[in-house]
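Student: Given the structure of chain A, go ahead and fit chain B onto it with the hints provided.
Number of protein chains: 2
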Amino acid sequence: MIKKSHYRIGIVGATGAVGREILSVIERRNFPENYIKLMASARSAGTKIPFKGLPIRVSEVTAASFDDLDIVFFSAGASRSREFVPAALEAGAVVIDNSSAFRMEPDIPLVVPEVNAQELDKNPRLIANPNCCAAILVTALAPLHRAAGINRIIVSTYQSASGAGAQAMHELEEQTRAVLAGEKPQPAIFPHPIAFNLFSHNTPVGDDGLNEEERKLIAETRKMLSLPQLPMSATCIRVPIMRAHSESVTIGLDRPLTTAQAREILSSAPGVRLVDDRLHNRFPMPIEASGELDILVGRIREDNTLGVPGLSLFISGDQLLKGAAWNAVQIAEHLIHHAQ
Amino acid sequence: MIKKSHYRIGIVGATGAVGREILSVIERRNFPENYIKLMASARSAGTKIPFKGLPIRVSEVTAASFDDLDIVFFSAGASRSREFVPAALEAGAVVIDNSSAFRMEPDIPLVVPEVNAQELDKNPRLIANPNCCAAILVTALAPLHRAAGINRIIVSTYQSASGAGAQAMHELEEQTRAVLAGEKPQPAIFPHPIAFNLFSHNTPVGDDGLNEEERKLIAETRKMLSLPQLPMSATCIRVPIMRAHSESVTIGLDRPLTTAQAREILSSAPGVRLVDDRLHNRFPMPIEASGELDILVGRIREDNTLGVPGLSLFISGDQLLKGAAWNAVQIAEHLIHHAQ
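Chains as they are written, first to last, in our numbering: chain A, 1 to 340; chain B, 1 to 340.
These aren't lab readings, by the way, just hints derived from the structure by calculation.
Positions of the beta carbon are idealized from the N, C-alpha and C atoms, including for glycine.
Keep in mind that a hint or two might mislead.
[As the list claims (entries may be wrong)] Here are the simulated distance ranges between beta carbons:
id	chain 1	residue 1	chain 2	residue 2	range
1	A	P187	B	P187	36 to 42 Å
2	B	T203	A	A181	32 to 38 Å
3	A	G182	B	E105	40 to 46 Å
4	B	S41	A	G182	28 to 34 Å
5	A	E264	B	L227	33 to 39 Å
6	B	G182	A	S5	39 to 45 Å
7	A	R29	B	S41	55 to 61 Å
8	B	D277	A	D254	37 to 43 Å
9	A	E174	B	K3	53 to 59 Å
10	B	K4	A	K184	42 to 48 Å
11	A	R28	B	G149	40 to 46 Å
12	A	G182	B	F51	23 to 29 Å
13	B	A42	A	R255	55 to 61 Å
The shape of chain A in the complex, shown without the other chains:
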């Protein structure tokens, strides 16, 4: 990427939960921009979204939308990315794609900057932003892997409504109001009631019994940790939480780590805040992870149940931030910091 004092930014999917959050993080981080173009489908075009106190009008995304943009964030789903990312690249922009469209292509870097920023040194034009659960998981596990070699992962998730978009968050709120008023909840976005309920992640289940979310989480974790054969089990569950995902994780290690060693590693790990106070029973919670750029990690304990040395831990991270928007902007920050 060519070094500039300021960059021209595009956001495709600007009216969605993640798109809005990308804009908000750009403002919060004081990202060096001198132009922001917000794009969405025809249906959402015309919406005005405030940025630094002034409204920006959302335009319809077309193949001709990308002239003169330096960096374009895509967060409008995999089919929209497949349709328009080529045009953005053709127009000369660097693309950071939050969809699953290109994540598993061998030549496309899939990046969490704390984990594999070296992928960005190759000057890629298209960078894939990981699945929210995978981004949060590898941020916590990569430092432990570097220290002691991870050889197995078992993870069960507690995933917030935000992962299914702004309308799903609204559905959680409205259904909860309905249940408290003694009414029957009416699912619309989710296939099952989400108020005071939880359910297996609402993506198609394959013949191996894994749903798509679990398949992404496993494949992307393996790719980012450069462990393509890593034995890994994932169970992805949607819970009635607004915007932070949690993960209960047990890992096997090549070399043992004590709880104290793991805490020391994680307390100095980038992107991680250690919340591990046994005495006061304070551990990671979604309400404390919400709005935070860092993920929270705690409940760290030695666990040899897997038959090898190991650890168990509990993670909470903001699904819209480290799980999506912040990681994407962080990739952009890294690119412009190393631009020449």
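Tutor: Using the frame of chain A, we list chain B on its own:
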């Protein structure tokens, strides 16, 4: 136990969430009783609770409360059980104790009838009713253990508010109303906000990093499956759900089971309802488990991540029913059925 046409029943802790549910299950099951004595602390004495259309007045529990009772259910906490169970036994009653007071004593049977009903054949005078998570877990796992030998368990829980009592359920409801009204939730029963939040189980954490709930779950599962050395990892998490617990489980097996074999075993297992519809994405959910005597089991899939043959599965069960009241009444039903 001496066979009778009808039995005189006592319930200690009758005003609590589980106590009320025991009374309700006795009515629902048309349990052969001709007298019900409801007992609680002095603070709750005088409360009237309806049974078969008529109110029963709750009396204060004392050492002299147990004369002429055949079966007494205790559900008023471990210290209350330690104080009054000896008097109930002395008075000649059979005691079914829902507290943790006696569960791990080697001579006291800890029973889930579907799992180890043979313990009841020894004519015990005191039977311990397990921890809610343990009861739900072993009901699902015992048939798989019988078929293929379980050699490891990794479980992460999604535990409802009811496990902390009626006031905790009320707190979940009231806090949720407050949050929806834009107010800050005020924790009273739980140490952390429960509305739209989740947290590590609110019991003291030991030096090994396990909280008391996890320690109970592990110890009681091992005792009921007669596997005292079983490697087992548990992470217990409280979620904003009213009255059903869920559990994400991965097990290692001595002999492989296919998904089809596991489904067949579980579909004919007592106390289990198989909910495992991959095509329509229908799996166990707390709202469907609530009010059910059976537990729901699904998301069954082969999983060899542990390095041995294995399975993953997801369970939801009513915390107040199979996790407490129903299991206790079920023990009583078994005892009177085999009484002579």
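Student: Give a verdict on every hint.
Tutor: Now the hints, each set against the structure:
1. Against the hinted window of 36 to 42 Å, the Cβ-Cβ separation of P187(A) and P187(B) comes to about 30 Å, which falls outside the hint.
2. Distance hint check for T203(B) and A181(A): the Cβ-Cβ separation is about 33 Å, which falls inside the suggested range of 32 to 38 Å.
3. Distance hint for G182(A) and E105(B): a CB-CB separation of about 45 Å, consistent with the stated range 40 to 46 Å.
4. Roughly 32 Å separates the CB atoms of S41(B) and G182(A), a value that falls within the hinted 28 to 34 Å.
5. At roughly 35 Å, the beta carbons of E264(A) and L227(B) sit within the given window of 33 to 39 Å.
6. The hint said 39 to 45 Å for the Cβ distance between G182(B) and S5(A), and at roughly 42 Å that hint holds.
7. Between R29(A) and S41(B) the beta carbons are some 56 Å apart, a value that agrees with the proposed interval 55 to 61 Å.
8. The hint said 37 to 43 Å for the Cβ distance between D277(B) and D254(A), and at roughly 40 Å that hint holds.
9. Distance hint check: the CB atoms of E174(A) and K3(B) are about 56 Å apart, consistent with the given range 53 to 59 Å.
10. At about 44 Å, the beta-carbon gap between K4(B) and K184(A) stays in the expected band of 42 to 48 Å.
11. About 54 Å separates the C-beta atoms of R28(A) and G149(B), a value inconsistent with the hinted range of 40 to 46 Å.
12. Distance hint for G182(A) and F51(B): a CB-CB separation of about 25 Å, consistent with the stated range 23 to 29 Å.
13. Checked against the hint of 55 to 61 Å, the pair A42(B) and R255(A) passes, with Cβ atoms roughly 58 Å apart.
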